[in-house]
Amino acid sequence: MRLTADNLGGERGGEPVFDGVSFALAAGDSLVITGQNGSGKSTLLRVVAGLLPVAAGTVRLNDGGEDFPDVASACHYLGHQNAMKPALTVAENLDFRRDFLGHPLMTTEAALDAVGLDSVGALPFGYLSTGQRRRIALAGLLVSFRPVWLLDEPSAGLDLASERRLTALMQGHLAEGGMLIAATHLPLGLDDAKALVMPGGGSG
Amino acid sequence: MRLTADNLGGERGGEPVFDGVSFALAAGDSLVITGQNGSGKSTLLRVVAGLLPVAAGTVRLNDGGEDFPDVASACHYLGHQNAMKPALTVAENLDFRRDFLGHPLMTTEAALDAVGLDSVGALPFGYLSTGQRRRIALAGLLVSFRPVWLLDEPSAGLDLASERRLTALMQGHLAEGGMLIAATHLPLGLDDAKALVMPGGGSG
Amino acid sequence: MAETTISGRLTNLANPTRFLELVGRFLPWLAAIALLLTFAGLAMGFAAPEDYQQGSTVRIMYLHVPFAWISMFCYMLMAAAALGTLVWKHPLADVALKAAAPIGATFTALALATGSIWGRPMWGTWWVWDGRLTSVFVLFLMYLGILALTRALDDPQRSARAAAILTLVGVINIPIIKFSVEWWNTLHQPASVMRLDGPTIHPSLLWPLLVSAIGFTLIFFTLHLMAMRAEIWRRRVAVMRRMAAKRAENRAPA
Amino acid sequence: MLALYIRDVKLGIRAGGGALVGVLFFLAVIAVAPFAIGPDANLLARIGPAMLWIGALLASLLGLDRLFQVDREDGSLDLLILGSSRHMLPLTVFVKCLAHWTASVLPLVVAAPVLGLLMNMSPLATFATALTLLAGTPAIVFIGAAGAAVAVSLPRGGLLVSVLVLPLVIPVLIFGVSASYAASTQPDPFLPPFLMLCALMLFFAVIGPLAAAVALKGASD
Amino acid sequence: MLALYIRDVKLGIRAGGGALVGVLFFLAVIAVAPFAIGPDANLLARIGPAMLWIGALLASLLGLDRLFQVDREDGSLDLLILGSSRHMLPLTVFVKCLAHWTASVLPLVVAAPVLGLLMNMSPLATFATALTLLAGTPAIVFIGAAGAAVAVSLPRGGLLVSVLVLPLVIPVLIFGVSASYAASTQPDPFLPPFLMLCALMLFFAVIGPLAAAVALKGASD
Ligand code: HEM
Ligand SMILES: Nc1ncnc2c1ncn2[C@@H]1O[C@H](COP(=O)(O)OP(=O)(O)OP(=O)(O)O)[C@@H](O)[C@H]1O
Ligand SMILES: Nc1ncnc2c1ncn2[C@@H]1O[C@H](COP(=O)(O)OP(=O)(O)OP(=O)(O)O)[C@@H](O)[C@H]1O
Ligand SMILES: [Mg+2]
Ligand SMILES: [Mg+2]
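Chains as they are written, first to last, in this note's numbering: chain A, 1 to 204; chain B, 1 to 204; chain C, 1 to 254; chain D, 1 to 221; chain E, 1 to 221.
To be clear, the hints were calculated from the coordinates, so they are not data collected in a lab.
From a predicted model like this one, the values you see are computed outputs, not experimental measurements.
Check before you lean on any hint, since a few could be wrong.
Stated by the list, open to error - The calculated EDC-like cross-link candidates involving lysine to aspartate or glutamate, where the alpha carbons are at most 20 Å apart (straight line), are: (1) D/Lys-217 x B/Asp-70; (2) D/Lys-217 x C/Asp-155; (3) E/Lys-217 x A/Glu-11.
To be verified - Stretches of chain D that chain C covers, calculated by requiring three or more beta carbons in the stretch to come under 8 Å of a beta carbon on chain C: (4) 89-96; (5) 210-220.
Stated by the list, open to error - The following residues of chain E were derived to be distant from chain A, with all beta-carbon distances above 10 Å: (6) His-87; (7) Leu-117; (8) Val-214.
We put the beta carbon where it would ideally sit given N, CA and C, even for glycine.
Make the full structure from the sequences, and use the hints.
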């Protein structure tokens with residue numbers, strides 16, 4: 001499986017944000033995007049996921065097989081928002097994700113265990129602290145399988161122990177042949193990741 | 001002016017979260033709160049601001065004078081949410097803050113300049129990137145005067161340059177006799193700050 | 001560290017504990033007296049002469065009037081409890097309010113039902129939208145609204161305040177019910193017992209009515225105390241469960 | 001305070017939807033009336049004021065449940081509560097109510113005369129009804145604010161808020177409708193019920209924001 | 001898809017305090033009518049079907065504007081759009097509409113016969129009204145979904161939404177109400193307007209989700 005971007009351009013509200021971005025990831029590869037605020041990291045991730053239209057160039061997934069014909073079907077996207085419902089319990093949220101996305105991977109308990117929050121399954125998501133919410137969102141990556149992870153500042157709000165757990169999760173995903181693109185301001189502990197620095201930066 | 005907390009306790013949803021927290025800040029003092037996810041940092045800040053009821057103990061502001069009789073009237077509270085309206089422009093948001101809070105301090109342009117975003121005043125707040133939004137929220141601290149700043153992970157989502165700017169802003173506030181309590185997972189660059197480590201941590 | 005507040009929580013409930021003890025002692029007596037009075041009142045009512053206008057249907061009065069009175073009395077009780085919650089923050093006040101709501105709703109429903117059963121022969125219709133009837137119907141809606149609200153907010157502290165405020169704002173309906181017959185002179189009977197210038201009802205009908213009203217009021221209190229006891233127990237179980245979960249968590253930190 | 005008013009009106013107008021859905025609903029209510037009553041012009045004119053009031057009452061409920069919820073979700077509610085040491089919180093609520101009324105309910109009042117024509121109402125009756133709506137609808141918003149504050153933490157409290165509020169606004173409806181009728185049918189005097197309506201409005205203008213402020217204080221978490 | 005349906009129904013019911021609230025809401029709306037119109041039993045019976053329809057319309061519109069907005073604000077909309085490579089997006093929208101209908105409108109349809117009694121309606125009219133509600137209210141939700149999706153995508157979509165939705169909602173209302181009346185007043189046949197209503201519903205069940213899906217695809221930013 002290969003994820004390639006070729007001279008990709010993205011725009012926001014009619015204005016070009018970045019241009020001419022190219023990369024190629026094979027199984028087990030990761031890409032870490034850094035850059036100033038407003039330089040277009042989040043925009044790039046959303047363009048890759050297909051949530052924003054491609055302004056120029058192409059992004060393609062090759063050899064995804066029947067299950068993963070295009071990028072959108074092959075990726076987990078974790079944005080700034082956690083995509084969980086505060087009124088439902090943590091377990092209900094994760095169960096929904098698995099049922100809706102298909103390709104079940106871990107049980108809810110195992111996923112909660114992996115982020116160190118095994119006792120909160122029965123609590124409403126809205127009762128958690130900021131960091132705990134982020135960790136549940138990370139657990140959401142584990143309940144159903146996707147070869148490509150697109151992570152937007154995954155470590156925002158995490159404490160030290162959870163940051164280490166996150167690194168381990170990402171390394172595990174890569175070791176099993178997954179791919180990963182992460183936008184971040186903080187070091188993520190992925191040693192052999194490719195690096196992409198977004199130039200410029202809104203008005204910062 | 002002195003801000004003192006005495007054996008403070010806080011609870012969330014009927015459950016005690018922390019207990020027996022005491023500190024005393026004089027003009028120019030700062031306190032940095034650290035701890036695991038779910039250990040109660042945000043809860044403590046909200047209890048101090050008066051946004052959550054005090055479960056035990058007291059928190060008091062002495063010698064605030066006529067203008068600042070109690071803690072709530074003397075503090076800027078910056079939570080995880082930015083308290084800005086996406087549909088209004090940045091300048092409208094900041095102007096509203098100044099008008100509503102009183103004690104005007106900086107002009108909107110000066111405040112935007114201080115966070116390095118002088119050109120976005122006319123954009124709707126909802127058009128900004130995550131880090132830019134956080135920086136506007138920080139600019140909100142500057143448009144009207146409050147001696148006490150309560151900051152909940154102020155540097156979340158900021159790039160390197162902005163982090164440094166934030167440190168400078170905080171040091172400036174302290175140098176002018178302000179006080180500051182910040183909850184954070186990242187070093188904030190406040191060298192002579194008092195430290196408070198929240199014990200325990202929900203289920204982390 | 002957490003232990004101190006939890007034990008503090010228990011001493012907080014000490015007051016309710018004494019309450020539970022008292023209730024346990026008095027409840028059987030109260031229930032017995034209530035039933036006795038009610039039966040006596042109803043028996044007297046059946047022995048009383050028939051009304052020259054209304055015939056034997058007048059006997060519904062011994063049910064209808066107490067039910068109607070209690071439905072309003074219960075709301076006033078809840079309003080008092082609401083004040084207790086908001087002003088004195090007494091832990092029992094919220095329990096009292098919450099426990100009273102379903103009972104009040106039931107009595108209001110009964111008043112509506114007996115009223116329309118009475119209305120069928122007297123007015124020739126089950127239901128008319130006159131001032132009195134409609135304002136009682138609105139009272140019924142308000143009881144149900146308070147019930148729905150307390151069910152929608154699961155956190156007891158938050159729901160306590162919310163229900164208290166709603167109850168207090170709804171108090172304006174009570175004078176409307178009371179005076180509706182005078183403001184809109186409608187089908188319904190004007191007040192004949194509780195008047196400033198003394199009752200205008202014949203004593204042979206009045207006495208059974210008063211006795212059965214007292215009996216039903218005592219039944220109401222019996223039910224209310226039982227419901228309060230159940231609510232306190234329910235909350236204790238919830239606190240205990242949370243404490244147990246907390247302890248299990250602390251024993252096995254991740 | 002003025003700043004808050006201007007901000008909320010701006011938001012109400014800019015975010016759109018609200019006011020227009022209200023007018024749409026209002027129009028739909030009026031449109032069904034001829035079907036309900038039959039094309040009897042006299043009867044239509046007779047129940048006209050009542051239909052206008054029912055429509056306006058129900059339309060003002062649309063969006064009312066979100067009065068404080070939006071502020072809670074983006075953190076502005078904290079700002080308003082902290083500001084309460086300077087401006088009293090009930091006053092803040094009062095101003096928010098006024099802004100909501102201006103942006104979402106005032107269009108209904110303005111549209112009422114046009115709809116009166118559709119209902120075959122006499123100009124006098126139409127005018128009187130619009131006047132009673134002008135005086136009465138703020139009361140609905142004030143009391144609705146209390147309901148919205150009580151249910152602020154419920155993500156989709158729409159129906160619940162209406163359930164809580166409707167029984168309480170019935171007195172407003174009674175006096176509003178009877179004042180509208182009094183204006184067109186000669187013997188009844190217009191002023192007593194209208195003054196009563198104004199009194200109710202003023203009463204709720206005090207009670208509603210007070211209750212809402214107490215509820216908001218308790219709800220913050 | 002079933003998972004999505006169950007999640008949305010759960011959210012709708014949990015947030016609003018359960019299905020009971022729907023019935024209560026209806027009761028409150030119905031209780032309002034006699035106050036406005038006066039206690040004339042005949043007139044009440046006549047406007048009964050119209051009141052039931054107005055209540056149902058209001059209940060379907062309450063919260064409908066938030067159908068996609070909540071999902072957008074908490075990021076779930078991205079999840080739904082990404083999932084569209086597996087489940088078609090219009091189908092997703094369709095399921096969300098059904099869930100909204102189940103949680104907020106179905107309780108009203110079920111309660112309608114009981115309320116007919118209160119309004120003094122004949123059993124036949126009551127039953128016919130409930131039937132038209134069952135057939136017609138989904139159409140409102142489907143059109144509303146298209147409007148809500150457009151509103152999500154345009155930051156200032158207010159006006160457009162109403163212009164889009166207005167000409168579509170009113171025919172549903174009119175056919176629904178006239179079918180209800182036709183059932184009880186002899187000369188008019190019940191079937192033609194009712195079939196028209198069903199046709200409208202089926203038409204919107206296709207058009208609404210399709211339009212909404214297109215709007216949502218364009219909306220994500
Ligand atoms: C569903 C229909 C009815 C409702 C909701 C209703 C409600 C009430 C209420 C709330 C009261 C207490 C009033 C007060 O204390 O001032 C009351 C009292 C009373 N009702 Fe009804 N009522 C209904 C039907 C009837 C009918 C059909 C009759 C008989 C013709 C009737 C006769 C009375 C009498 C005699 C009293 C006692 C008045 C007094 O002594 O103060 N009611 N009802
Ligand atoms: N709204 C809420 N309702 C009920 N419980 C809550 C709520 N918010 C937080 N909690 C609980 O209170 C505890 C402390 O939460 P708090 O937000 O203060 O943690 P924190 O130290 O700020 O964590 P983080 O580093 O993740 O921001 C947690 O165990 C959490 O589950
Ligand atoms: N919803 C939007 N509508 C219009 N313009 C937007 C929107 N979101 C972001 N932008 C603009 O697009 C540019 C890139 O934003 P983006 O969110 O991709 O930055 P980023 O690199 O992720 O920044 P950060 O580090 O702050 O998250 C910014 O200049 C911003 O102003
Ligand atoms: Mg970003
Ligand atoms: Mg926190």
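Flag every earlier hint the structure violates by its number, smallest first. 4 and 6
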